[in-house]
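One point on numbering: in the working numbering, the residue at position 192 of the sequence shown is 803, and numbering is uninterrupted.
Rather than coming from a laboratory, the hints here were simulated on the basis of the structure.
Since we're looking at a predicted model, the values are computed, not measured.
Using N, Cα and C, we set each Cβ at its ideal position, and we do this for glycine too.
There could be a bad hint or two in this list.
As the list claims (entries may be wrong) - Taking CB as the label site, the calculated pair distances span:
#, residue 1, residue 2, range
1, D817, G781, 27 to 37 Å
2, S890, K755, 48 to 58 Å
3, K932, P874, 12 to 22 Å
4, G698, Q878, 48 to 58 Å
5, P922, G839, 30 to 40 Å
6, P674, G719, 40 to 50 Å
Claimed, not checked - Only pairs whose alpha carbons sit at most 27 Å apart, straight line, appear in this in silico DSS-like list of lysine-lysine:
#, residue 1, residue 2
7, K804, K889
8, K691, K672
9, K672, K828
10, K691, K754
11, K755, K900
12, K828, K866
13, K672, K889
14, K911, K900
15, K804, K866
16, K837, K866
17, K837, K804
18, K629, K619
19, K629, K889
20, K900, K754
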Amino acid sequence: MGNSIAVKVDARAALAPKQALEAFLYEPGGLGDHDIEVAITHCGICHSDIHLIDDDWGISKYPLVPGHEIIGTVAARGPKVRALGLGERVGIGWQRSSCLACEFCRRGDENFCSRQEATCVGHFGGFARSIRADSRFAFPIPKKLPSESAAPLLCGGITVFSPLIHFGVGRQTRAGVIGLGGLGHLAVQFAAKLGAEVTVFSSSRDKEASARDLGAKRFSVGAQGKPGSLDFILSTVSADLDWSPFMELLGPDGKLCFVGVAPKPIQIPVFSLIGGRKSVCGSPIGGRKDIRRMLDFAAKGGIRAQTEALPLARVNEAVEKVRRNQARYRMVLVNE
């Protein structure tokens, strides 16, 4: 079903927390029945990769090869792989497998499976020349999506798309997006293409032109606006903010939804929830059907991640740009 492309995988790994990544070779192991080997062409750098490198979540094991926004071509297939052909362009995101049998998997929410496995937690990820993973969690990439701008969709894209569709954001929705970074610039595009009227909330005025180019109708420095003027607000930032003013901007049945992780517990007055039957929620990535829908929607809607590409050899330079929030808006590693 195709021969392996390499005896050892050429990767870049962190050998200890908060250290620069180094060249690293590893044996990929056997190719399982449903596995594919993917020759990686592009891999996005997500803030989650930084958290893993630094062991901010206390789950990292070293050597650690980060990377979970992967685009490449199928180089080898296990004997039971039917859906993907050799040479086909595919993407792999945060999740690499699940049990496919529990109630959540059966209903298409594989991301809630208690036995799910992550691409670069307990496994070597996409900062490498190749990777092996379960073919059932690899997704054909529509022809209209360039690989460089498609890579960040495999995590950043689905992270913002999933709550938008699951909470009914669409035409006549007045939606707010907090932050215009790696997640926020994708959220604005998806929300606008879904038909929502989008307001961007930023900490500075210098991103206003970019926000409007991406589809925002309004721009605000801080939580400024008419009370009750929004139906849904998506927070994409990893910062501690005063959330009460944002709750005031929500109308009855409005939702404040978190996909960015604030460092400290959020504080919201209970009366701001009770008075308008408002709610606070969060959202992870989506299941496989949501990822397929997201990729198709992005291709048809012309949604693109704005990226800066660097070769794998310059991975530490790229990681530092993400760490310092200097990327506009996503860094992508390229295998030349």
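Each hint tested on the structure:
1. D817 - G781: 27 to 37 Å: holds, 30 Å
2. S890 - K755: 48 to 58 Å: violated, 36 Å
3. K932 - P874: 12 to 22 Å: holds, 21 Å
4. G698 - Q878: 48 to 58 Å: holds, 53 Å
5. P922 - G839: 30 to 40 Å: Violated, since P922 and G839 (Cβ atoms, about 50 Å apart) do not stay within the stated range.
6. P674 - G719: 40 to 50 Å: violated, 34 Å
7. K804 - K889: holds, 25 Å
8. K691 - K672: violated, 31 Å
9. K672 - K828: Status violated; Cα separation ~44 Å.
10. K691 - K754: Since the Cα atoms of K691 and K754 sit roughly 25 Å apart, the hinted pair holds (cutoff 27 Å).
11. K755 - K900: holds, 19 Å
12. K828 - K866: Distance ~20 Å between K828 and K866 Cα, so the pair holds.
13. K672 - K889: Measuring from Cα to Cα gives roughly 40 Å; hence the hint is violated.
14. K911 - K900: holds, 17 Å
15. K804 - K866: holds, 20 Å
16. K837 - K866: Between K837 and K866 the Cα gap is close to 16 Å, so the pair holds against 27 Å.
17. K837 - K804: holds, 24 Å
18. K629 - K619: Distance ~26 Å between K629 and K619 Cα, so the pair holds.
19. K629 - K889: Violated, at about 40 Å.
20. K900 - K754: holds, 19 Å
Checked against the numbered hints given earlier, this structure breaks hints 2, 5, 6, 8, 9, 13 and 19; the rest are met.
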